[in-house]
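Asks: Given the sequences, and given the hints that come with them, work out the whole structure.
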Amino acid sequence: MQFEPIAIEERNPQCLQTGVYDFGRDAFARFYIEYECESACDVEIVLGEVLKDGRINREPGGSRTCYTMTCHLQPGKGRVYFEFPKHGQWLYGQCMVEPELGVFRYVEINGCLKSVTPVRTVLHAPFDDAASEFHCSDANLEKIWEFCKYSIKATSVFGVFVDGERERLPYEGDAYINGLGWVALSSDYAILRRSIDALFMWPTWPTEWHLILCCIIRIYYLYSGDIESVLRWYTGLQSKLMLDYLVFDHPLSTDGNKNPRDLIDWPMTERDGYVMGKYNFVPNALLVHTLREVAALAEEVGKVQDANYYRFLATDVKKRMDAYFKKGEWYVDSEGTDHVSLHTAVAALHFGIADKADWPRYLEFIRTKGMACSVFFAQFLMDMLYQFGCEDYALSLLTSTEQRSWNNMMAKGATISMEAWDDCFKPNQDWNHAWGAVPANIVGRRIFGIRPVKAGFREVVIDLKPGSLKEGFYKHPTPHGPITVEFSNGKKKVTLPEGIREARQNV
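Using our numbering, the first residue of the sequence shown is number 99, and each one after it goes up by one.
Be careful, since some hints might not be right.
Claimed, not checked - The following label-pair restraints were derived from C-beta to C-beta distances:
id : residue 1 : residue 2 : range
1  : E557      : K589      : 44 to 54 Å
2  : C169      : M508      : 44 to 54 Å
3  : G400      : R128      : 40 to 50 Å
4  : C169      : F571      : 44 to 54 Å
5  : R359      : F571      : 19 to 29 Å
6  : M508      : P365      : 31 to 41 Å
7  : K589      : G334      : 40 to 50 Å
8  : I325      : M366      : 45 to 55 Å
9  : T593      : Q115      : 54 to 64 Å
10 : V551      : F346      : 46 to 56 Å
11 : N357      : D295      : 39 to 49 Å
12 : T593      : C169      : 49 to 59 Å
As the list claims (entries may be wrong) - Cut-off 16 Å, straight-line C-alpha distance, at most; resulting in silico cross-link-like pairs (EDC-like, lysine to aspartate or glutamate):
id : residue 1 : residue 2
13 : K424      : D456
14 : K573      : D226
15 : K376      : E391
16 : K552      : D456
17 : K563      : E134
18 : K212      : E134
19 : K424      : E397
20 : K376      : D347
21 : K212      : D151
22 : K568      : E240
23 : K510      : D521
24 : K568      : E557
No lab work stands behind these hints, which were simulated from the structure alone. Beta carbons are placed, not taken as given, at the ideal position from N, Cα and C, and that holds for glycine.
Replies: So, in structure tokens, the structure goes:
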């Protein structure tokens, strides 16, 4: 796709000395200029993401982009293609991406030209912008959702979910949030299937990423109904459960390992002071959740004996966690500490570890913490808040203007979600990281509560939780056609396509 740029500045149009152009949004793209010059000249082309004093910032810091190229042009008319540098990221000997593109928003052209036309060709996976739609009584939330929707679309360029321009590599944690966003916006699930295939071939190092791939597969199956792919992955899926690291009567531990090793959250400065130990609460809580998810998946594909075994293991690991992490009324970060981080409190609720009698205490504690986590862990925080009826507080975090917010990303000039809340939290971050696009799925999945509970969207729950929103509309794509949910003044209207029925229970 090609988009016309807006000229920010053109000096001396008869013999262009400097032209700065804004394409409106960052995009992964190729670039060329069509030009006319009256005499031979050297022309410099600069592409970038960040402006400074009206020109492209050539030292934007971290992994923000700035590409430059100088070419010698002969008199007359012609076309020059920008030559992007090789990216140079390799994973286990396999290059995951093609190098002939870059990510940029702004163009700067310096040279004595009679005329110049900058042309950007945007690339992304097949994506129907009209497949999803959202309107509500909060214009700020609409803006955030559009920002995150575009982030999911724009970063799909490589045909699998990758982390961003800094590495251009697939990671399971990124794919989890990317996948949730994608299935809330599109009913073409091919990119999610390819991403799962890639992650089986090139797994990454965090303990939690091994586990979360199982959850991604369950998501894929519930949305797509593609049992053939699930059966193809099933044997390998079992190896992701980290059971070799479950020593008799002890919780899961990868202590001393380089790969796998516990992540908790990333960057490390976003762990809310989490005290790491030999045995850590968060990966064990995720293990319990993952075992339950795999048990449900096993039962759905006819592996009943496996399902019973995984449910038994989930119960067993939960008992081990009680022995190692329960200190009085609280679960703690790790064995031997009294510290309780936001991450531990959220995991205790979201992954079904804390007893019901303890829920109010945990929720009160969580409210004191704000967004004391990364853009990644924000997914679990948001899911948990909607699970436990805290939709007003969740909405306040979604629409916040604090430093750790999606509004802050946009205020800093990003048009694709950032790898971290702000450059100060991760100085080497890039500005095109879809794991920072959590609202792309939270709006449809949690505010409007649209979630499949039977494979292939045969049955869906509509668990509307608008909080303080007065009215809203969401169109959710499915393989059967769109689901629409709208509410106004406390009244709800749901339209389901043929082939989908609404479930009675909430999940």
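Asks: Any hints from earlier that this structure breaks? Give me their numbers in increasing order, please.
Replies: 1, 2, 5, 6, 8, 10, 11, 15, 16, 17, 19, 21 and 24
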